[in-house]
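Enquirer: Each chain, letter by letter, is given below.
2 protein chains.
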Amino acid sequence: MPAKYFPELCIENNSKIVLMVLDGLGGMGGIPGEPGGPTELMAAKTPHLDNLAGISSLGSTLPVARGITPGSGPAHLALFGYDPLQYLFGRGALSVAGLGMEQLRTDLAARINFATIDNEGRITDRRAGRIPTETCKALCGKLEAQISIPNVEVRVLPEKEHRAAVIFRTDPPLSDAMADTDPQDVGVPAKPPMAIKEEGRRTENVVRAFVDQAFEILADETPANALLLRGFSGRPDLPDFGQAYRLRPAAIAVYPMYKGLAHLLGMELIEVKGAEPGDEIDALLEKFDAYNFFFVHIKGTDSRGEDGDFDGKVSVLEQVDVQIPRILEKRPECFVVAGDHSTPSSMKSHSWHPVPFLLHSRYCRTEGRIGFSEDACKTGHLGQFPAVEVMQLALAHAGRLEKFGA
Amino acid sequence: MPAKYFPELCIENNSKIVLMVLDGLGGMGGIPGEPGGPTELMAAKTPHLDNLAGISSLGSTLPVARGITPGSGPAHLALFGYDPLQYLFGRGALSVAGLGMEQLRTDLAARINFATIDNEGRITDRRAGRIPTETCKALCGKLEAQISIPNVEVRVLPEKEHRAAVIFRTDPPLSDAMADTDPQDVGVPAKPPMAIKEEGRRTENVVRAFVDQAFEILADETPANALLLRGFSGRPDLPDFGQAYRLRPAAIAVYPMYKGLAHLLGMELIEVKGAEPGDEIDALLEKFDAYNFFFVHIKGTDSRGEDGDFDGKVSVLEQVDVQIPRILEKRPECFVVAGDHSTPSSMKSHSWHPVPFLLHSRYCRTEGRIGFSEDACKTGHLGQFPAVEVMQLALAHAGRLEKFGA
Chain A
1 MPAKYFPELC IENNSKIVLM VLDGLGGMGG IPGEPGGPTE LMAAKTPHLD
51 NLAGISSLGS TLPVARGITP GSGPAHLALF GYDPLQYLFG RGALSVAGLG
101 MEQLRTDLAA RINFATIDNE GRITDRRAGR IPTETCKALC GKLEAQISIP
151 NVEVRVLPEK EHRAAVIFRT DPPLSDAMAD TDPQDVGVPA KPPMAIKEEG
201 RRTENVVRAF VDQAFEILAD ETPANALLLR GFSGRPDLPD FGQAYRLRPA
251 AIAVYPMYKG LAHLLGMELI EVKGAEPGDE IDALLEKFDA YNFFFVHIKG
301 TDSRGEDGDF DGKVSVLEQV DVQIPRILEK RPECFVVAGD HSTPSSMKSH
351 SWHPVPFLLH SRYCRTEGRI GFSEDACKTG HLGQFPAVEV MQLALAHAGR
401 LEKFGA
Chain B
1 MPAKYFPELC IENNSKIVLM VLDGLGGMGG IPGEPGGPTE LMAAKTPHLD
51 NLAGISSLGS TLPVARGITP GSGPAHLALF GYDPLQYLFG RGALSVAGLG
101 MEQLRTDLAA RINFATIDNE GRITDRRAGR IPTETCKALC GKLEAQISIP
151 NVEVRVLPEK EHRAAVIFRT DPPLSDAMAD TDPQDVGVPA KPPMAIKEEG
201 RRTENVVRAF VDQAFEILAD ETPANALLLR GFSGRPDLPD FGQAYRLRPA
251 AIAVYPMYKG LAHLLGMELI EVKGAEPGDE IDALLEKFDA YNFFFVHIKG
301 TDSRGEDGDF DGKVSVLEQV DVQIPRILEK RPECFVVAGD HSTPSSMKSH
351 SWHPVPFLLH SRYCRTEGRI GFSEDACKTG HLGQFPAVEV MQLALAHAGR
401 LEKFGA
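Each protein sequence line maps, in turn, to chains A and B.
Under our numbering, the first residue of the first sequence is numbered 1, with each subsequent residue one higher.
Under our numbering, the first residue of the second sequence is numbered 1, with each subsequent residue one higher.
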């Protein structure tokens, strides 16, 4: 939950905050082993962001802790002011929420990867060649129809390609004290379902029954002849974002997981027609009067970074840049451009590096002509700070926090 | 209390620390809506501070937490090394201490504002036109003489203009779990006395009796026909500053609240003849041999900031600047120029912005020719850090801290 002294300091008024998260925004420059050279943000032609930086405050955020590479879940929780070390929950819950499903108190959720194994049970592909979503749907239907576990209702929910989720519904609910069966590696077999605490023993039996039946049902499929489970999680118990900050929050996102997280926090989801940054900004402008907090999530920066596609990430940044004037025309009282974590394309993965941060408001100390980049951000007025403090800054600059003490 | 690992590391020796607090030191630059341009500190001609910065370490402090605008009480506590989130107490206790009154274990204190209400009880002026202090004294005397509450001794203490304090003395003492009656707004009536916890129920009755009688007694007064209460507080329990750090501390301040806080911390108050920065430095130099820690409080920077008087704040900074050589001549082992918080004159109020910080000692890393300003401080050797760590730095640079561990 947001810092303890917060709820009572928050003021309800008409000022608006736009928090635009460029997923995986930060870069590293150069290639591993040959550091140096521009990052994607330095290479990108972003005249609007550069100009905006001059009349904004810059800084850089530490997503979870110095040196720690975060997953998208904890990294976003931090941006929303929820201590990611306190609010831990598995990928399963995020998947279910991302599908727009309500996870009940009686539901244990886990994320499924359809996978390929060889004759000896060793994993050869953790994603089953990224099977088409239609195949995923068919397999999920088959599993849900045929699997039978006494006193447990089993739901198998297709996501995209090889991704799915499972819900085990029973009362009292099962425990999330379960290890992943996904070994995160190939050439080895899936791990057997294992409780990691005494309280998970009953769950272990249920999950073993599920996995045994599933492997039998999938045995003749090609290439998805196996499945891997990870992120067991009960229903997350997250304080309502809008109530905590006294905001009317809306989320604009294309990817299911981010929609799911926003939904778990009680944000309303705004429909986006299309998947480009411009489509998301269309949605923002259209609903601008109906809310006073907007989480705008841009996925492409992270996706291209994970692909190792430097030019692709540069291009997404440039696509975002051309949208900036449209947002500024609406004159939100506080406009933040942040990232949840860094995804240097040279590393093809999330990383622990601090993340560039820009905050524009009528109340900010300004940086002058230094542009928007990792280098500019490292000497910015906001310093280097924990991402979990972003909301404090945003609320302050939007005139939404009272004074603390006399 | 000062950081836990402190008391045992503190060394008693002859080195001296001068902590000069320019209240509300930090600025914002430009005007809200048109950020940019110089802050007061940048605009002021401060050749002595600028030269000193070159042979000092700079940084910026976060008074209470990022984005949080502090009152003067918590902001000063932090500078003295007391966690302002742990040591919470109301304005009432500060007012009483500022009057040089000892608050007993049996005393509940609250701050009074004399105010003006219309025929329907709605507040038209929260400060009753800033009545003369003599009127305030007369009203306090009248209230103290006429108000009668069984088993409770009531003291009504005049401060300056519309400000006063009340003490409710009874054993066992009353609870501070009371909401303010001051709605901090005009056009609405005063709030009725309300306990915010079950334990405050007895107090609520006492305070209601006080308020009812007071409103009757004041009914025919002009313009002070009402009063507002805020900051209910029992006797604050603050560890002694001098004992914690093994220092002989003295305070040089003109305003009652800061004297009050220093007194609560066990600092000795040095008399100041006059109210100008130069008068305070006179007092410092005169008593320089008698103590080894000096808290020198300059109020004008904050007052002019609150007035929205950019030039006035610049002028106070320039008045302080000419005093710097006099202080340096005494060669204190550690000389700190800090602020408790920012008060940008463009905002006419306290703010959350980081506060410029300068530390001069024979042991500091030096900055070179960058002057003393918000911009210079943002890239200083000391970084951006919580104000509650200022005393650690000051003691270290004065050679007053032992090594931690072997």
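Accuracy of the hints is not assured; some may be wrong.
Any copy, or any two copies together, can satisfy a pair, since identical chains are not distinguished.
Below, a list of computed lysine-lysine pairs in the DSSO-like style, where the Cα atoms sit at most 27 angstroms apart [stated by the list, open to error]:
(1) Lys403 <-> Lys197
(2) Lys403 <-> Lys348
(3) Lys403 <-> Lys160
(4) Lys403 <-> Lys191
(5) Lys45 <-> Lys197
(6) Lys142 <-> Lys287
(7) Lys273 <-> Lys191
(8) Lys191 <-> Lys137
(9) Lys330 <-> Lys287
(10) Lys45 <-> Lys137
(11) Lys197 <-> Lys348
(12) Lys137 <-> Lys160
(13) Lys273 <-> Lys330
(14) Lys160 <-> Lys197
(15) Lys142 <-> Lys330
No lab work stands behind these hints, which were simulated from the structure alone.
Enquirer: Starting from the hint list further up, note which numbers the structure goes against and sort them upward.
Expert: 5, 6, 7, 10, 11, 14 and 15
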